[in-house]
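Asks: Each chain, letter by letter, is given below.
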Amino acid sequence: MIPAAFEYYRPTDMAGVIALLQEHGDDARVIAGGHSLIPMMKLRMADVPHLIDLQGIEGLSGITVTDGVVRIGAMTTQHEVIVSDALAAAAPIMKEAALQIADPQVRYMGTVGGNVANGDPGNDMPGLMQCLNAQFHLTGPDGDRAVDARDFYEAAYMTEREDEEVLTAITFAAPTGGYAYEKQKRKIGDYATAAAAVQISKEGGKVAAASIAMTNLSDTPVWSEAAADALVGTACDEAAVKAAVTAMLGDIDPTEDNRGPVAFKRHAAGIVLGRAILRAWSRA
Amino acid sequence: MKDEITREDRVANLKGMGCSRKRVEDARFTQGKGNYVDDIKLPGMLHGDFVRSPYAHARVKSINIDAAMALPGVVAVLTAKDLEPLNLHWMPTLAGDKQMVLADGKVLFQGQEVAFVVASDRYVAADAVELVEVEYEELEVIVDPFKSLQSDVVLREDLVAEDGSIPNGAHGPRKHHNHIFTWEAGDLEATEQVIDNAEVVATEEMYYHRTHPCPLETCGSVASMDKVNGKLTLWGTFQAPHVVRTVASLLSGIEEHNIRVVSPDIGGGFGNKVGVYPGYVCSIVASIVTGVPVKWVEDRMENLMSTAFARDYWMKGKISATKDGKITGLHCHVTADHGAFDACADPTKFPAGFMNICTGSYDIPVAYLGVDGVYTNKAPGGVSYRCSFRVTEAVYFIERMIEVLAIELNMDAAELRRINFIKKEQFPYTAALGWEYDSGDYHTAWDKALEAVDYKGLRAEQAQRVEDFKAGKTRKIMGVGLSFFTEIVGAGPVKNCDILGMGMFDSCEIRIHPTGSAVARLGTISQGQGHATTFAQILATEIGLSAESITIEEGDTDTAPYGLGTYGSRSTPVAGAAAAMAGRKIRAKAQMIAAYLLEVHDNDVEFDVDRFVVKGAPERFKTMKEIAYAAYNQAIPGLEPGLEAVSYYDPPNMTYPFGAYVCVMDIDVDTGVPEIRRFYALDDCGTRINPMVIEGQIHGGLTEALAVALGQEIAYDDMGNVKTGTLMDFFLPTAWEVPNYETDFTVTPSPHHPIGAKGVGESPHVGGVPCFSNAVQDAFRPFGNRHTNMPHDHWRIWQTANNLGMHD
Ligand SMILES: Cc1cc2nc3c(=O)[nH]c(=O)nc-3n(C[C@H](O)[C@H](O)[C@H](O)COP(=O)(O)OP(=O)(O)OC[C@H]3O[C@@H](n4cnc5c(N)ncnc54)[C@H](O)[C@@H]3O)c2cc1C
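So the protein lines, in turn, are chains A and B.
Residue 2 is where the first sequence starts when you use the numbering used here, and the numbers rise one by one after that.
Residue 285 is where the second sequence starts when you use the numbering used here, and the numbers rise one by one after that.
Isolated chain B, as found in the complex (with noise of 0.2 Å):
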């Protein structure tokens, strides 16, 4: 056969690795043809929906369902009695604890759930809402995390045992009936002593203030039990759909080969879908009652008061350094918030996540961290939005520390970080508080970012516009924030990682057909991240048909090989990897079809972009496409039919991306109002899979970022009551508020990942958060600022021009 087009045009049909293929999810999200769970409709299809507390704490002395169960329409109502005889009231946590499905004796914060309503239509639904009557005495309520640990009120009854002793929680020893865990890191003593000793030492408190992930799309459920055959279908908005099957075969007792979950399209996850919530709960057990499918989906104020919150961590830092700004010991304790349960979706052994990345990029000698959970009258939580576990608290740590460090030394900042950067011969490097970071070229990335923006200008006109303030010819100073950022992503070797002991592996399962066009499923489940783009341009690379010729699968349990889901950018580090060695799987068998045909030896052919071809013969050859059709209609011997491969990967490691931003603000200290002239985010994922996709993420993850450092909160008055429930109050910003980004990268590839990916859909996040403030902070250091707590939403940053005496 003769080759009509060039090996270049070869690449390009392939459509592989490293170019910027369009979404192929976009043709169906942009003219509104997505499948979201609301979409499900099925025949007799019921309706769910809560009755939920208006009390922050309270005893539940009553509830009465006459006047709901007399509405025509209502079906049941189901409230914690009915669920107990199935062991259904409670259910466990992603965490170790546990959790009520629905009100047991008493609740614990705004919005949980207090009795289910089924119903023939949603509004039948929302009205007998209305009509369940409930007797609540109100109790005492704690929000503040250090009140509670000193508070004579129990919060958490079942945790107490009769005698008035604090068993141990899942992760230890209890000091009160309040506190959930103690998690350190690191040497405390050695580092204490550093610290004591230091020439200079830096501390810092700050509050990592409590918000939410707030996908488009709310949670919802549909279940559907078919009573003749035992089977159970959930649709839902799963980021981690294999794992809720085995969850819900555990609680339920339904054989796990008998329930089939789905995650259709999903609107955005952010983590706020890897948990658990009662809805699930409520709508299979509804449904197993009626025998008829029964759908629950959330409203927005359901979706910011009762589902998965972020952060709330009390940081309490110390810093120490040598006169010359070599860090020598840092010291961090975090008061953590979890609400009234500990529902965090962190792998089981790291009940605060990987917050011990808290060193970040620095080669820190020693250090130590103490984390103790704390339960309030707050919703349950605790997820990692838009962060693999918790990077995004200590990422912002470290990079609020630097910036004291750096004030207490005099020092220029962007100076501090590069005099302690870990160096890029020191790879893999292992840090004070353990993990071993596979491979970096920090000062590459850090003089390429600040070049870019011309640092040492920007500082020039930052000082002239000090003097321009102090003349009273301008009202507005400018701030130039910085971050350099270490993630830590891609959970993670089964060996530490798992979440309800399983292991957190994932899968990729392919099966080409004999035309040469391919399905590939894998275990994770894209919300948006545009898997089923970027994994096929993997898979092309690697089995050499092109991107446009396979079909990506992900999300249902009854065809996707197990797998642990998508978050903590997970998928490509893991997922992306099984990929890969599926794909080279195929590719091995491909090579030993390749040779029967040509009639030369295994060893005598080599893979090139999308054939085999006879070494130093390159005429003769035969492509992909020939070898599939191959595979399944002549007989080869010693080898079976068929081309198909199947990977379940086990990471050696996790991954971790770096990224330098740089953010130019300009502040009116009169309004409080926030200006960002410029942002440059360049981010290291390894090896770039599109570049498209990346850059797509990192203007999302940049946004989420700056809505969190701006404005972004769930906040609480005393009386536990969510002031922020609506998108009025709650910041979810605009086109008209998001600036200009500009992106950049280096490349550093993972050495241990078969294709050097490391992961990018939230190194965005993690690294913009701690940019915008640090932005904010830094306009008001020549003014005598050391610290001020997120968001900085105009109030705050007016209040601290005024506290810094500058409305005088």
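Just chain A, same shape as in the assembly (with noise of 0.2 Å):
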């Protein structure tokens, strides 16, 4: 568990950062909180002989709501998504997700940017993204460009980013209606088993919109359009959570590992989800 060798950099500007990314291509790697590249490296999985640290930039993090858009600082904490009343407000999903998120030490260091940034299924936060809508904003060697949190993800630790190039920030309208991550784990500190991240918003006793994700059942996070659409328009009753769960169902791609066989890391999935549902709905 000790990483090769490696130069560190702690640059005070993104035209450093993006300098150093230039220079060094596949060698360098930014380091945020840490918590998911440094036990890489400790396991000798990922080789980083350039490790380029952005906590010397300014404005990377923090949290703010503009005209009901919520935007995140790449290099905020977890933690602080937890604690901040401006978010709780305006995208409280955000908060019940963060707390399910490792233990408090990871998060006190962990950041949204590199939960987002991994790629690793895993993550929380992804899925998460995916069901608020979210846009990923990135800068690089050709200027700045945003993507959309559901176009990002390729593969595992594949994303839509470039080498060079660095997120700095996320942002998404705030939701409306009823919100529940729901996520199955084998203990404090797990990944995912299953998770679920629901909004739901309610018009005349009806769904009037939704929106799933589901997190660690496929190389990437899975947005189901399927299963939304599934519950749009009905009352939300047992038949439309069941359509929507088997929607998801077909969307969802998990394999088998410590946690279990896929037979019932679908049956966690739809119980994980079918939960999600019932508990947006009856905050819608």
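It is worth saying that the hints were derived from the structure and are not from the lab.
Here the structure is a predicted model, which is why all the values come from computation and not from measurement.
Ideal Cβ placement from N, Cα and C applies to all residues, glycine included.
Check the hints yourself; a few may be wrong.
[Unchecked claim] Derived contacts from chain A toward chain B, CB cut-off under 10 Å, selection only:
#1 30
#2 109
#3 141
#4 188
#5 190
#6 266
Make the complex out of the two chains shown on their own, each in a separate frame, by following the hints.
Replies: Put into structure tokens, the structure is as follows:
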């Protein structure tokens, strides 16, 4: 559990970061909270000869809510997500989800940007961001661009982000209606056996709109449009929930691991989603 | 002299046996001021790290160390070839087998030590490990002991004679080249006869999965060979430092007086630190070769993958009874997966430990146990994880067999236990498999436990829950887990217990200082048990000096008297007894001194808390402090000066702690998530030295029991790859997963132990595992479950529900 030797850099502006990324290409990586990257380096599963710390860059952290748009700086810690009153008011699902990530020690260090940029299917924030239809703001040698969370994930650890790009912030429209983040895990500090992020808005006793994303049930997060569609227009009754679960099961593709065989994971995914829908609906 | 304080105050000031004295160790542990092996830093010290095998079974074709040696800072790379001239490429195991220190021609498990890199710092060593080029030729891997006994593949070529015959092993004839031993106890013929003719017979097969003790501190050592004076000092994570010294002397040829072994603070052992590991040997050799100190400390993955595992027992049982539930016979066969080398840490004559305590707390007239040990391509070990030698397996076996028999008889499992308990008046009781239980009062403990949890009420609630589930009103079912255990701890009488020929006595040496404080040294070594606290309490009561004035030292073989160390709950039963006996020698001399000072006959004074008083004249007394002073400063006719004593204690018998546990659990059949609503633990460890320390031990042991029952395992895939090599997958519960424990007790002192104490550190683990498991299984009993194997993690519980049609 000792990493290979690496060079450590702590630039003070973004231009410096990008210059280093351009210079070292594949051999360089940025480090945010380090709570995904450092374990990988210690296991020698990630070989990072040039490590660029983002902590010296100003303006990368903080949460703002302006005109119904939530902006979370990439270096904002998961702990800050939990204690932000503004966020609790604008998007309470963020706190509910963050409280189910890892443990307090990890959350004091781990960042929202690192969590979404990492590309690990076990991370909780990517699915959550897809549920919220967030935009990821990237900056690189060719300037800035935004990518939808729903288009960002290609495969495990493979994302739309180019090697020389840095994620600076995440934005999303403050959601309306009811919400729930439901996660089954084996113990505190564990990644999900199955997790579901659900937002539902209600009009006249019916589901007006819904968004559903699942975590750790495929090599990327799974935003299930079909599952959400199955709810819209219904009274979110038992049949509708069942239909949503069935639709979701068509979109996920879990693999067997120590958390259990595929049949169990599919069952758990259905249970977790059913519970999340009912809780979100009760809050809608 | 006039006495200013009351007798009550004097007793309180003593902080002797029975009081909840705060642990003296905690001041340093809670401030991060402990001194562990990895804290040892010596001038010029080098660091070792292992090249380990990625394969579970392969021939080692070649090892090229050139690139590693070229890395600046690398001092040496040792392979089996370098150790061979010293005859240290293999080492003896505690079980009478031998084990490769570094791969000698082949590797037999994933993570096996192949080469030892020595470098100027830990980082360079790790980099150099990557640079050692090892060429392997993969061989067929065997991870299943049953297949192993059928396979043509020879795992241990060193144990097959040139003509292809299979020589005897350390424990007698071997049936197959991958077979290690057969060990039997009891009367096979009589048992079979009883079972064949019984009114009711229940049979069951169960797998007690492989797991690992996983102490917070991993294993490590620092060896320092002083070539000038020829002395070797070895610091390490040793649960038995004296045994390590003797073994090191026998292996290296260095005379024993020239070896000093020190166990500094140890961050948990649980059996994992009883054995001798290649890292220890390599650090010693490297220090001898380089002439400077060499440190080796393994990381978490290495600890989980390569150091001693626990359990891995495939158990097959038959239990017979009359129609009304009186047990008549028990048959048990175990196929024991020992991995690549037989490195079990058991007393020499017991290759399956004390598995023959498997008749449990019940009066079973006839029984048989047969155990077959088998080699596979897994890590060696087979230590007793927080239990006396294989007692957890034995208790799990009988407590599951009782449940299965209860199902067969359609009887309440608590009642079935009650009618079969050994009765109070039957003690000392000789069990069918040979052990003589020293004492017990099982019925009292059981009744107390069942009443405390309102057992009848729980069963009524459970019946209602079954109705509700069937009516679709709930998806949560409820289980009531029961277990009643009898342990066998305190190995042990030298007549039948030894390790590598060393009898399992233990020792205590006390030196009273002139001003009435003392230092006592013992042959045991605390790894978190709180010996410095509790042994001082035993001595305080025995010699009448405050526990606060008594320093306890352990773990340094240059100063501590010879002892066999700490494991198998043996410290209090054996070294605790030695402490009491040594204390009594001090008291005997103190009595003579007191009588002299008080100018009366020896028999005219008596001991009272902290002093000797003249019988019938309590105002005439000498305190132990005064006596201590006199011992050194006054010429007393017929007495040598000084006040010291030593005792080597060979216990006449083991002690037999017991307990009654109840667990109430709710299970979500859809997610497989269990919730422990209540856990009640009644322990009888005989005389209670420190109730608070006992409670702490019980909380810890129950938590490790929860871990094992509900998810903690070392799992292998078919290729022999370890699937649970990090704490992400190896289940180590946090405070969050731990329920509230209710503790209770009865006191049945051991009749043969000087203070009546029995040992408690392992009881909660031994009794806890079957209790948690039985709770899960009991929840499914109304739906047709008979037995499912641990660990009961979410998916396996879900699988049980699924198999029983509960998701339809
Ligand atoms: C014991 C433990 C349990 C955990 N449990 C969970 C859990 O249950 N759920 C969960 O979601 N996570 C969990 N995590 C992961 C944790 O949340 C991490 O902190 C998080 O995944 C990564 O954030 P970080 O800031 O630590 O990123 P780092 O580890 O620093 O970086 C992760 C990756 O993202 C890249 N990166 C980071 N920031 C940027 C950026 N601004 N632009 C471009 N690339 C960037 C890095 O180069 C690296 O490849 C756990 C971690 C631990 C150690």
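Asks: Determine which of the earlier numbered hints do not hold for this structure and return their numbers in increasing order.
Replies: Of the numbered hints, 1, 2 and 3 do not hold.
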